[in-house]
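There are 2 protein chains.
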Amino acid sequence: MATSSYLRSIGVLGGMGPLATLDFMHKVLDATPAATDQQHVPLIVHSVPQIPDRSTAIQQQTDTPFLPMLAGIRQLERCGVDAIVIPCNTAHFWYDRLARSTQTPILHIVDAVADELARQGNTGGRYALMATRGTLATGVYDRMPTGFAGSFEVPDESVQPLVDDTIRLVKAGQEAEARKIGSQALRYLIDEQGYDGVVLACTELPVALRQTAHDAYCLDATLALARQAVRFSLHGGAQPQPNIICQAA
Amino acid sequence: MATSSYLRSIGVLGGMGPLATLDFMHKVLDATPAATDQQHVPLIVHSVPQIPDRSTAIQQQTDTPFLPMLAGIRQLERCGVDAIVIPCNTAHFWYDRLARSTQTPILHIVDAVADELARQGNTGGRYALMATRGTLATGVYDRMPTGFAGSFEVPDESVQPLVDDTIRLVKAGQEAEARKIGSQALRYLIDEQGYDGVVLACTELPVALRQTAHDAYCLDATLALARQAVRFSLHGGAQPQPNIICQAA
Chain Z
1 MATSSYLRSI GVLGGMGPLA TLDFMHKVLD ATPAATDQQH VPLIVHSVPQ IPDRSTAIQQ
61 QTDTPFLPML AGIRQLERCG VDAIVIPCNT AHFWYDRLAR STQTPILHIV DAVADELARQ
121 GNTGGRYALM ATRGTLATGV YDRMPTGFAG SFEVPDESVQ PLVDDTIRLV KAGQEAEARK
181 IGSQALRYLI DEQGYDGVVL ACTELPVALR QTAHDAYCLD ATLALARQAV RFSLHGGAQP
241 QPNIICQAA
Chain W
1 MATSSYLRSI GVLGGMGPLA TLDFMHKVLD ATPAATDQQH VPLIVHSVPQ IPDRSTAIQQ
61 QTDTPFLPML AGIRQLERCG VDAIVIPCNT AHFWYDRLAR STQTPILHIV DAVADELARQ
121 GNTGGRYALM ATRGTLATGV YDRMPTGFAG SFEVPDESVQ PLVDDTIRLV KAGQEAEARK
181 IGSQALRYLI DEQGYDGVVL ACTELPVALR QTAHDAYCLD ATLALARQAV RFSLHGGAQP
241 QPNIICQAA
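Read top to bottom, the protein sequences are chains Z and W. First residue of the first sequence: 1, per this note's numbering; consecutive thereafter. First residue of the second sequence: 1, per this note's numbering; consecutive thereafter.
Hints are computed from structural coordinates only; laboratory data are not their basis. Among these hints, one or two may not hold up.
Identical chains blur together in the list; that is why a pair holds if it fits in one copy or across any two.
[Claimed, not checked] Here are the computed lysine to any residue pairs in the SDA-like style, where the Cα-Cα straight-line distance is at most 25 Å:
id	residue 1	residue 2
1	K180	P161
2	K171	Q38
3	K171	L19
4	K171	A213
5	K171	S158
6	K171	L22
7	K180	F66
8	K180	Y95
9	K180	P33
10	K180	Q50
Here the structure is a predicted model, which means the values were calculated and not measured.
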């Protein structure tokens, strides 16, 4: 990967939750072809976890997370970042409004996932979403990324209890058990339901499912976003479509 | 630990290096008595690793890291953080000038170490510094924190090769070997040299020395700073002495 000496800075609208932000930052670090500290991506991270719970807000049809998120975007703008990322699938429910509110490009996590698939030679296919019920309810993955002819699908209801259990077990630190249940869900989606792959759209799932038999079928959405951020920093590539500008910074 | 509902925000002047910043952020997360995401400390993290290498600059008697660090402080100020921390021992070589340049309090890592010792009932004693030669050369630990009557000492030259090897082995991912060599250095300092404890003033050393026989004698400077930051966020306590204001934000 050729690198220019100028690295664009990435603003991270984080804190949703704080551990997911750290997970994203680690993935950026790992995805960067750097031999010295100075070759790493400049990050400004707004990790302010006081943003109200996104799933609850969507469920209760309230808009409480929007203004705190916009305040975060404003701070990142003031720091002069070249692009913004939001390492939280659920928060992308507010993506369109946030993107319209700023001149700074916001890289969309679903575009990053589609781009990652395209880089693997997959511009089509059916991909099952493994995520919390809250994320699935957002419809965030209904987005149709440019150049991607495949589909992201909510799998049938029978598999969701397994996904819920896997996430719960990782949060409880029971990784071996999480791996067992998660692998069961994966086998069902790939072998029985015939999906071409699975998008892990939740921070906990990659912890449970890395290095399992179906690993090659899994795509970690956070990792895809991290790689997209690194490419943007190094090459300025993968520019999102221009935002409609409602309000200048 | 009683918490108020208002949490003060902490600005992190990071990127020195980026992995040390993540280490600090993990320690803040672990040190916070939080049951929900929303109870975690709001952090604005300036992780811009393009700041020139601090040890090299000190060795070559150049001042190149100062202005990039000051630029980071300015950005954190603009974000309105309530206090700033610098999770890099060596960078504290520039502490006084940075602190005089801003109205925002900067928590000093050596004050945090002394405060941590005091909280353990140690307001005196002789503590050996385990750190890179670069950090030792800064004289950062010559600071005399208020209320601390002990001393931080550079141990005799015979132990430094063991410290250098321990750091190098951790960086190379050889933790078991690092633990062996690091423990040897610790035994020498505690059992033969009679130090009351050892300050691990380097990100790599706690990785090698946690859960070893002499663990109780070790104080992780990054962890002390993280705990100080959490206390400041929760209680506004441990205010550093007022800075002399050279230039308003």
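Hint-by-hint comparison with the structure:
no. : hint           : verdict
1   : K180 with P161 : within (14 Å within a copy, 46 Å between copies)
2   : K171 with Q38  : between (34 Å within a copy, 17 Å between copies)
3   : K171 with L19  : both (11 Å within a copy, 23 Å between copies)
4   : K171 with A213 : within (22 Å within a copy, 31 Å between copies)
5   : K171 with S158 : within (22 Å within a copy, 45 Å between copies)
6   : K171 with L22  : both (15 Å within a copy, 20 Å between copies)
7   : K180 with F66  : neither (37 Å within a copy, 51 Å between copies)
8   : K180 with Y95  : neither (34 Å within a copy, 50 Å between copies)
9   : K180 with P33  : neither (33 Å within a copy, 31 Å between copies)
10  : K180 with Q50  : neither (34 Å within a copy, 43 Å between copies)
Checked against the numbered hints listed earlier, the structure breaks hints 7, 8, 9 and 10; every other hint is satisfied.
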